[in-house]
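Following the hints, complete the assembly by docking chains Z and D onto the known chain E.
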Amino acid sequence: MQYDVAVIGAGVCGAMVARELSKLDMKVVVLEKCNDISMGTTKANSAIVHAGFDAETDSLKAKLNVQGASLMAYYCNKLNVPYKNIGSLVVAYSWEEMQTLEALFERGFNNGVPNMQIISQEKLREMEPYISEEAIGALWAPTAGIVSPYELAIAAIENAVVNGARVKRNSGVFDIEYKNDLFFLSTASGVVKAKYIINCAGVFADQIAKMIGDTSFKIIPRKGEYYLLDKTEAKMVNHVLFKCPSSMGKGILITPTVHGNVLMGPTAIDLDFDSKLDVDTTSEGLDTVKREIRQVIPHMTTRNAITSFSGLRAHIEAEHADFIIGPSEANGKFINVAGIESPGLTAAPAIARYVGQIFREIAPDYTKKAEFIATRPAPVRVNELSAEERRKLVEKDKRYGRIVCRCEGITEGEIIDAIKAPCGARDVDGVKRRTRAGMGRCQSGFCGSKVVEILARELDLPMNQITKHGNGSKILYGKTK
Amino acid sequence: MIKEMTCVACPLGCQLTVELNDKNEVLSVTGNTCKRGEQYAHDECTNPVRMLTTTIKVNGGSLPVIPVKTSAPIPKGKMFDCMKVINSEVVDAPIKMGEVLISNICDTGVDIVATNEM
Amino acid sequence: MLKYDLVVIGGGPAGMAAALKAKECGVDKILILERASSLGGILEQCIHTGFGLHHFGEELSGPEYAYRFIKQVEETDIEVKVDTMVTDILTGNIVVATNNKEGMLEIHATAIILAMGCRERPRGALDIPGSRASGIMTAGTAQKYVNIYGYMPGKKIVILGSGDIGLIMARRMTLEGAKVETVCELMPYSGGLTRNIVQCLDDMGIPLRLSCTVIKTHGIERLEGVTIADVDENRRPIPGTEQYIECDTLMLSVGLIPENELTRNAGVMIDPITNGAIVDENRQTNRPGIFACGNVLQVHDLVDYVTQESYTAGEGAAKYIKSKNKNKRTKYVSVRPEGGVRYVVPQNINCDTSEDVKLYFRVKDVYRGGKITVTSGDKVIYSKKKPKLAPGEMEYVIVKAEDIRALDKKEIIVKVEV
Chain E
0 MQYDVAVIGA GVCGAMVARE LSKLDMKVVV LEKCNDISMG TTKANSAIVH
50 AGFDAETDSL KAKLNVQGAS LMAYYCNKLN VPYKNIGSLV VAYSWEEMQT
100 LEALFERGFN NGVPNMQIIS QEKLREMEPY ISEEAIGALW APTAGIVSPY
150 ELAIAAIENA VVNGARVKRN SGVFDIEYKN DLFFLSTASG VVKAKYIINC
200 AGVFADQIAK MIGDTSFKII PRKGEYYLLD KTEAKMVNHV LFKCPSSMGK
250 GILITPTVHG NVLMGPTAID LDFDSKLDVD TTSEGLDTVK REIRQVIPHM
300 TTRNAITSFS GLRAHIEAEH ADFIIGPSEA NGKFINVAGI ESPGLTAAPA
350 IARYVGQIFR EIAPDYTKKA EFIATRPAPV RVNELSAEER RKLVEKDKRY
400 GRIVCRCEGI TEGEIIDAIK APCGARDVDG VKRRTRAGMG RCQSGFCGSK
450 VVEILARELD LPMNQITKHG NGSKILYGKT K
Chain Z
0 MIKEMTCVAC PLGCQLTVEL NDKNEVLSVT GNTCKRGEQY AHDECTNPVR
50 MLTTTIKVNG GSLPVIPVKT SAPIPKGKMF DCMKVINSEV VDAPIKMGEV
100 LISNICDTGV DIVATNEM
Chain D
0 MLKYDLVVIG GGPAGMAAAL KAKECGVDKI LILERASSLG GILEQCIHTG
50 FGLHHFGEEL SGPEYAYRFI KQVEETDIEV KVDTMVTDIL TGNIVVATNN
100 KEGMLEIHAT AIILAMGCRE RPRGALDIPG SRASGIMTAG TAQKYVNIYG
150 YMPGKKIVIL GSGDIGLIMA RRMTLEGAKV ETVCELMPYS GGLTRNIVQC
200 LDDMGIPLRL SCTVIKTHGI ERLEGVTIAD VDENRRPIPG TEQYIECDTL
250 MLSVGLIPEN ELTRNAGVMI DPITNGAIVD ENRQTNRPGI FACGNVLQVH
300 DLVDYVTQES YTAGEGAAKY IKSKNKNKRT KYVSVRPEGG VRYVVPQNIN
350 CDTSEDVKLY FRVKDVYRGG KITVTSGDKV IYSKKKPKLA PGEMEYVIVK
400 AEDIRALDKK EIIVKVEV
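Chains as they are written, first to last, in numbering that gives the first Met the number 0: chain E, 0 to 480; chain Z, 0 to 117; chain D, 0 to 417.
Derived by calculation from the structure, the hints in this document are not laboratory data. Virtual Cβ for every residue (Gly too), placed ideally from N, Cα, C. Warning: the hint list may mix true and false statements.
The calculated PhoX-like cross-link candidates involving lysine-lysine, where the alpha carbons are at most 25 Å apart (straight line), are [to be verified]: (1) Z:K34 to E:K478; (2) D:K2 to Z:K95; (3) E:K391 to D:K2.
Far from chain Z by the CB rule (all over 12 Å, computed), these chain D residues [stated by the list, open to error]: (4) D27; (5) V197; (6) S353; (7) S382; (8) E416.
Chain E on its own, in the form it takes in the complex (with noise of 0.2 Å):
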């Protein structure tokens, strides 16, 4: 089968740009090497909206981050995700780094963040009343905020493939050919053709880049550790809190999320270039979390943890790195998205469009479609339905009435939806990202092999062939009998 365009890497960053390139009249193909759509950094990051006063002002990151805080809620808005303008405060606990907030302010002035305030420790108390009583002052940026993921990477996808493009999973790229103005491109399942190719290989876009003889950057995996608690801790924490950055990095923050839960983390360790499938989580690292987050917020336990995870940031080995997004030097028809580490979420609607522009400028031909469906529509949530809601879409099917997981309350019908949606889950995990099915407390400990069941059945596979993320992950091995 032959494409106008391959995108490589259906993270974040892959599907939003599949999603920009589809309102083009042409055939895009998304190579993924996973079973499922966000199963890199997308699916363990800090899940935050920066408002942008981190970066270099004048670089591609700062540039793209306030673009990006300032388009989210109207993606998240057409593709239905859930996000939340909670706005950050960076604490200080030192006259020193009160001086750190007025630079921070100065950047974030120049970067162009809207409406921050450097406030007292009062007003500071009233808005985090659980804050140590060590911190004096913090940065409040209201642009920023929290957003699901990976759920806005599925959205993005699910509108993509909607819009006329083809997802190709399990399909991780080993070698590229190019000749007679064609890639070639051998994936693991089978040789796909394309004229263009868009680099989204998060941490492994330097050795997909190599493929084309493209060597000019190297990437290494940069470690984050998480915690993530239970709702009940929700009353902790209001906004985004960030530790004041050091040389070592932004530091540890602790957030709500989305969905009603507390996140914690990351920590901040390279990795080998060849670890990049390495995300156990450490005793060292979830230590420190604890050990940091207990400076922001004292009484704050991880005894209603729910899980503990890491993630890979994309970090491109250099000083003062910034994303590299554009064509490649080796081959103008290869466009690097790369090195798409914090603020990449937030920039992801930023880079989609920006990734759009460079598109159009190499390849003018390609005209914009007519029928362009920009909206993706709301799953089912049933919980978030009144009684009468409820009543009538249970007397339309049935299904939307069994409550599988106990803990997020997510019924077999919201399942079911997820599995057959466009690009839809084929593993455990892929139902839970969508649904929150084994998202809560209980950790899938009840409706797990429930869910392994319906998987089955819907996919018409017998339940030892159901997997926790693909591949290998198998659950079960054969009958007992």
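Below, chains Z and D alone, put in the same frame as chain E:
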């Protein structure tokens, strides 16, 4: 020969030391705090028995397997032999509670009975 | 709105026993709400024997124990709605539930009995670092796969925690041909029943390692192994004792947590130690007309005790339903654990109780040759020597009604004297 074992006659869990002769006859029991411990040691050394519970494959039922148990305790050493026989059987639904699904398993004189209905 | 005298939330052993007792005591309209598709609760997957020795005087399997109660319920006019999940309890004892027939239903109940059971402590709550591989599951989940679905969840297994479900699964998996490498227990003693250690581990040749835990999981797709290590008296891993064990499955049997989200939302006060409601001797909570029993109130070792407790709650609810003055304020004697006692249920006793009260409790550590005492001020109400007390075995003492009524001080203390 000396055998060490934990008595399960009550929750106390006494550590018993049993002295046996060549013919596997009990010479003495120590460590017990009551008569039941002594009896337990004798039983365990001469004829240890266990209840076996597992499942049997079902044809045409609402679930693929049905739980079963031995109708009485069987010799401890025969548990895996019995498992082999049980795992090679398939029974047809409907099945009644207590129904005998395999009789006289491995010549123990004990039956395998359903512990649920389907 | 539907109206019932009594709504029982949960159709496991606790809910069924409570409903049956209430019926026997003359309560008219009773409804059981069960979230699964049939009555029986967790007993349906507990196919091993050991149930019913106290209650029926014979040794039954879980499904058999449940079956006896299911049949009894069927013989009464107690109504049952299965596949029905209660989502809220509103002020005025209105139960909000959802199912696939009526969608959402609101039921007014004169009295409510909470009998939702408990859940297993998951991996996240344990903080074991390592990978997100498949093959890490609670022992109860594994039990459901093997006994209900008929699938093997693993071949080479390490079990963390020596709770009874873990021990039972060690034997069950071995019988089905899996190799259980070891059972690791963080504490210096097992939380399971002695009989299970002997018949599930010793019989099967499975080693039990005390003061030992899993410190890391390995593998990207399916679990490939775990690192275990011995722990010191503060339960911290001891450097140098690490050992890698190859396995494809890690089963967790590290404790049960009463499922009280609904209870909390209903404004019921929770005991921070039991994680269940604070109740009086009738198992009534601080919310008039709301009762609790079974594993949602305190985690039991034996279903027989669940049945007993649920009868108490059913009787209590019946008394409440028939009483003229439902908002009568009574004075309570508070019951407190001290010393080696971790908790006591019930936490309150009506001052004017006319019946003797059984106080259930657990101890904090293993004690040999200790003495259980119940005191109020300087007065000793009860005292008995016990050859052995262990956290894994629930204990009880009976306090006489006349002793409670005669108390000057409105507090009694249960403790272990060593």
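Quick rundown of the hints versus the structure:
1. Z:K34 to E:K478: Given that 25 Å is the threshold and the Cα spacing comes to 45 Å, the pair is violated.
2. D:K2 to Z:K95: Violated - the C-alpha atoms of K95 of chain Z and K2 of chain D are around 36 Å apart, more than 25 Å.
3. E:K391 to D:K2: 22 Å, holds
4. D27: 30 Å, holds
5. V197: Violated: least Cβ distance 5 Å, not greater than 12 Å.
6. S353: 32 Å, holds
7. S382: 20 Å, holds
8. E416: 19 Å, holds
Violated hints, listed in ascending order, are 1, 2 and 5; each of the other numbered hints is respected by the structure.
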